[in-house]
Amino acid sequence: EAQVTQNPRYLITVTGKKLTVTCSQNMNHEYMSWYRQDPGLGLRQIYYSMNVEVTDKGDVPEGYKVSRKEKRNFPLILESPSPNQTSLYFCASRPRQGPYNEQFFGPGTRLTVL
Amino acid sequence: AQSVTQLGSHVSVSEGALVLLRCNYSSSVPPYLFWYVQYPNQGLQLLLKYTSAATLVKGINGFEAEFKKSETSFHLTKPSAHMSDAAEYFCAVTRLGAGGTSYGKLTFGQGTILTVHP
Numbered sequence: 495e496a497q498v499t500q501n502p503r504y505l506i507t508v509t510g511k512k513l514t515v516t517c518s519q520n521m522n523h524e525y526m527s528w529y530r531q532d533p534g535l536g537l538r539q540i541y542y543s544m545n546v547e548v549t550d551k552g553d554v555p556e557g558y559k560v561s562r563k564e565k566r567n568f569p570l571i572l573e574s575p576s577p578n579q580t581s582l583y584f585c586a587s588r589p590r591q592g593p594y595n596e597q598f599f600g601p602g603t604r605l606t607v608l
Numbered sequence: 454a455q456s457v458t459q460l461g462s463h464v465s466v467s468e469g470a471l472v473l474l475r476c477n478y479s480s481s482v483p484p485y486l487f488w489y490v491q492y493p494n495q496g497l498q499l500l501l502k503y504t505s506a507a508t509l510v511k512g513i514n515g516f517e518a519e520f521k522k523s524e525t526s527f528h529l530t531k532p533s534a535h536m537s538d539a540a541e542y543f544c545a546v547t548r549l550g551a552g553g554t555s556y557g558k559l560t561f562g563q564g565t566i567l568t569v570h571p
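Heads up: the sequence lines are chains W and L, in that order.
Going by this note's numbering, the first residue of the first sequence is number 495, and it counts up by one from there.
Going by this note's numbering, the first residue of the second sequence is number 454, and it counts up by one from there.
FYI, nobody ran anything at the bench for these hints, they're computed from the structure.
In this text, a Cβ means the ideal position worked out from N, Cα and C, and glycines have one as well.
Dumping the calculated DSBU-like pairs for lysine-lysine here, alpha-carbon to alpha-carbon at most 30 Å: (1) Lys511/L x Lys521/L; (2) Lys558/L x Lys565/W; (3) Lys565/W x Lys502/L.
For the chain L half of the interface with chain W, some residues (derived, Cβ under 10 Å), not all of them: (4) Ser462; (5) Lys558; (6) Thr560.
The following block holds chain W by itself, in its conformation from the complex:
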């Protein structure tokens, strides 16, 4: 089944404790992206990647890191989480060609930083 998977689905952590949220897709998509969803703000892009070893900042990159060492994986790293990073996070992927192509979203990771 074609899908985007994220782990963990739920995470409660404390301020300053490094964490990684994994994202993996099995559709051989070049483009991957991370979003955060907050009430009243919709989804905002954190980082995106056009291909392996090619990443760039989105609209709200502060406090986050990403890496793209393999085509299928795009982990999101919070080196020192803070309470304002409490949010619902989505990973997405799509084929590189054609911005009109559908982005496929993962199920989301709900993060709480105490």
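Based on these hints, arrange chain L on the given structure of chain W.
Frame of chain W; chain L shown alone:
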């Protein structure tokens, strides 16, 4: 720059009534427009998309949207609401990147929560 505004953070309708969710966009170049739906505790699912082929776009679950360039709008409609339509709906816009590249960043609206009453 591109942006999306969804009018109304909450819309409530009775079962069987018309559903109208409003979306206005801003884009300096021809846009590609999308509607996504998010059911409780789930990810986003594509409802429909506009890619300049036709101004009236039909999607899944009986939804459709009409692209109106003069009004910079892309409102989502469904003639008769069903209880299963209760969800949050997001309008999104993208475009070709500089030089015609296929970067295509998605910019989302704030979302509209649709409630359907029996």
